[in-house]
Amino acid sequence: MRRQIIFITLMLICVGITVWVTNMDRVGIMVPFTYEVIWMQIRRHLFSMVFPAVLIAIAIAVPVGVLVTRPGLKHLAPSVMSIASAGMAIPSMAVVAIMVPVFIAMGMRGFGISPALVALVLWGVLPILRNTCTAINNINPGVLEAARGMGMTRVQIARKIELPLALPVIMAGIRVATVILVGTATLAAIIGAGGLGHIILSGVLNRAPLITLQGAAPVAAIAITLSALLGYIEKRLTPRGISTDI
Amino acid sequence: MIKLNRVSKVYPDGTKAVDDVSFEVEEGELCVFLGPSGCGKTTTMKMINRLIPITEGEISIDGRKNTELNEDELRRSIGYAIQDIGLFPHMTVKQNIETVPILKHWSKSDRDKRVTELLDLMGLDPGEFLHKYPSELSGGQRQRVGVARSLGADPEILLMDEPFGAIDPINRVRLQDEFLSIQKVLKKTIIFVTHDIYEAIKMGDKIALMDHGQLVQYSTPADLLYQPKNEFVESFVGSDRALKGLQLIKIKDVMSDSLPCVKPEQTAEAAQTEMESKGFDWVAVVDDDNKCLGLVNQTDLASNKTVKEVMGPITATAAVGAVLNDAVSLMLSSGVNDLPVVDLDNRLVGVLSFGTVREALAKIADQGRESK
Numbered sequence: 001m002r003r004q005i006i007f008i009t010l011m012l013i014c015v016g017i018t019v020w021v022t023n024m025d026r027v028g029i030m031v032p033f034t035y036e037v038i039w040m041q042i043r044r045h046l047f048s049m050v051f052p053a054v055l056i057a058i059a060i061a062v063p064v065g066v067l068v069t070r071p072g073l074k075h076l077a078p079s080v081m082s083i084a085s086a087g088m089a090i091p092s093m094a095v096v097a098i099m100v101p102v103f104i105a106m107g108m109r110g111f112g113i114s115p116a117l118v119a120l121v122l123w124g125v126l127p128i129l130r131n132t133c134t135a136i137n138n139i140n141p142g143v144l145e146a147a148r149g150m151g152m153t154r155v156q157i158a159r160k161i162e163l164p165l166a167l168p169v170i171m172a173g174i175r176v177a178t179v180i181l182v183g184t185a186t187l188a189a190i191i192g193a194g195g196l197g198h199i200i201l202s203g204v205l206n207r208a209p210l211i212t213l214q215g216a217a218p219v220a221a222i223a224i225t226l227s228a229l230l231g232y233i234e235k236r237l238t239p240r241g242i243s244t245d246i
Numbered sequence: 001m002i003k004l005n006r007v008s009k010v011y012p013d014g015t016k017a018v019d020d021v022s023f024e025v026e027e028g029e030l031c032v033f034l035g036p037s038g039c040g041k042t043t044t045m046k047m048i049n050r051l052i053p054i055t056e057g058e059i060s061i062d063g064r065k066n067t068e069l070n071e072d073e074l075r076r077s078i079g080y081a082i083q084d085i086g087l088f089p090h091m092t093v094k095q096n097i098e099t100v101p102i103l104k105h106w107s108k109s110d111r112d113k114r115v116t117e118l119l120d121l122m123g124l125d126p127g128e129f130l131h132k133y134p135s136e137l138s139g140g141q142r143q144r145v146g147v148a149r150s151l152g153a154d155p156e157i158l159l160m161d162e163p164f165g166a167i168d169p170i171n172r173v174r175l176q177d178e179f180l181s182i183q184k185v186l187k188k189t190i191i192f193v194t195h196d197i198y199e200a201i202k203m204g205d206k207i208a209l210m211d212h213g214q215l216v217q218y219s220t221p222a223d224l225l226y227q228p229k230n231e232f233v234e235s236f237v238g239s240d241r242a243l244k245g246l247q248l249i250k251i252k253d254v255m256s257d258s259l260p261c262v263k264p265e266q267t268a269e270a271a272q273t274e275m276e277s278k279g280f281d282w283v284a285v286v287d288d289d290n291k292c293l294g295l296v297n298q299t300d301l302a303s304n305k306t307v308k309e310v311m312g313p314i315t316a317t318a319a320v321g322a323v324l325n326d327a328v329s330l331m332l333s334s335g336v337n338d339l340p341v342v343d344l345d346n347r348l349v350g351v352l353s354f355g356t357v358r359e360a361l362a363k364i365a366d367q368g369r370e371s372k
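Chains A and B, in that order, are what the protein sequence lines are.
Numbering (this note's numbering) for the first sequence: 1 to 246.
Numbering (this note's numbering) for the second sequence: 1 to 372.
If you are wondering where the hints come from, they were derived from the structure by calculation, not from laboratory data.
Check before you lean on any hint, since a few could be wrong.
[To be verified] Below, in silico cross-link-like pairs of lysine-lysine (DSS-like), each with a Cα-Cα straight-line distance of 27 Å or less: (1) K160/A <-> K202/B; (2) K113/B <-> K160/A; (3) K244/B <-> K263/B; (4) K235/A <-> K244/B; (5) K94/B <-> K235/A.
[Said to hold, decoys possible] Computed list of chain A residues with no C-beta within reach of chain B, every gap over 12 Å: (6) M81; (7) L117; (8) M150.
Values in this document were obtained by computation on a predicted structure and should not be read as measured data.
Ideal Cβ positions, reconstructed from N, Cα and C, are used throughout, including at glycine.
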């Protein structure tokens, strides 16, 4: 209940700020962005960058995470985990910026959506990969031994035991990655990919803090909403026997 | 029948976990693998259902080598129980128990019937427990579900790795007793791994004592106690083996059935006569169905009263199914020389005295010495 109240309050504040700034006549030397432009940038932000990046990151991180926790490759898991953790310590700004020379060096356009998307995928893989490894490694070895001892095949153990037990933790990784990417995607405007970062950046460059808010408030609103939504899915995916609120 | 023929397990780094072990476990027997930790007992057990691959030698089950079968099929035909941590936390009690039946493609009605049957057998009310999750159960209940799960598809052989290990002593004794009485009916061939010598003596028809990967002694519990093969066995058994021997003797095998009893409507004088003729300083009061009503002590006696008027409550009785260990402990704590023995319906069936206990112990020790 308290969480819901906090959530609704934050949403109202964010939406309120956006509406307030949008309805102004002038902000410093600027005219505020119109609703049409804001909507366009939100769509660009989510459907050209965040969602594709999260989906690609899931498609990479979950299989890799599962792979490095298989019995034969188990020795790889610790190194993969430390790389993932260390990677998360690299500033997201740096990851985005590095993409420009990398893309140019590979003979591609260094600015626009593509390098931004690659940076976001790289960034999104890390939390999902880390959580996938942790989830599978943290399954009680006694449970797995019992499953094997009772004659479950490897596929059956993966499907009936490991997946349901690991899913909530993997889902938590996806939630963290999504929320981080909603924020990180604003940096993509620096390399010309557009999105809500474009509005923020305009505010910064034109010394119009309220315009910056006009871009930042929707970002916050989206992050909060997605976090709540994915949190709900995470809860639904948690098997009843291991959820804490039975 | 499980037969181990010169079985060894050597790990790639050269450690010999199991070293040239051979013995046979007869059908319907409960064989305890006993030994200090790291002695190879669990490894030996796991080689039977091939959780650990064998390095040398062979294991055969009912004359067939265990490598002939597909390893998953093999494991489905052998019950497997480990400490309670092995329950699947995301599955209900029912789903846990029907794991192997599902793997063996049993029909839903067969599975439902089997799960109910097993919960009844384990003393868990199906109505209450069927849809609970392991996290909602107590330690003892979890252990029971674990055993029920291992019996799921009614295997002939059970492998149990310290199944009662993670549980408090009081509940452990209760579970051991329950399991023994279940085993009396089921007559499964059981391998039971433990490091607890008391548990081994109590549960085992045979005990395989291991140390450093080698089988040190394979014998009945009595032989292990009274005919230790070498110093290791002697020290493992401990200097209090006479006390441990008490575990081996069932009250019903040694109790005397010449017991002093009177009916409540008889006179106090009759009670006195009964005491003197049987040589006790008390007499039990029983009804027509032989159920215990109370006790009359020598000091209670006053002539011209009936037994009913002078009798007091019975303070200490031994259960006929228990072992001497329990009875002696009760005798010592309640300060009596003789204990009335009752069955489950509180019917008086015999009497146990210190003299009998001593004789029984001497006899079992003698048997050990004679056969040496």
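We went through each hint and held it up to the structure:
1. Restraint check: the Cα-Cα separation between K160/A and K202/B comes to about 37 Å, which exceeds 27 Å; the hinted pair is violated.
2. Taken as a hint, the K113/B and K160/A pair is honoured in the structure, with Cα atoms around 23 Å apart against an allowance of 27 Å.
3. Under the criterion of a C-alpha separation no larger than 27 Å, the hint pairing K244/B with K263/B is inconsistent with the structure, at around 38 Å.
4. A threshold of 27 Å between alpha carbons decides the hint, and for K235/A with K244/B the separation of about 53 Å lies outside it, so the pair is violated.
5. At most 27 Å may separate the alpha-carbon atoms for a hinted pair to count; K94/B and K235/A meet this at roughly 23 Å.
6. With 12 Å as the threshold on Cβ separation, the claim that M81/A sits away from chain B holds: the shortest Cβ distance comes to roughly 23 Å.
7. The claim that L117/A is not at the interface with chain B holds, since no C-beta of that chain comes within 12 Å of its own (minimum 36 Å).
8. Distance check for M150/A against chain B: the nearest CB is about 5 Å away, which does not clear 12 Å, and the non-interface claim fails.
This entry does not satisfy hints 1, 3, 4 and 8, going by the numbered hints stated previously.
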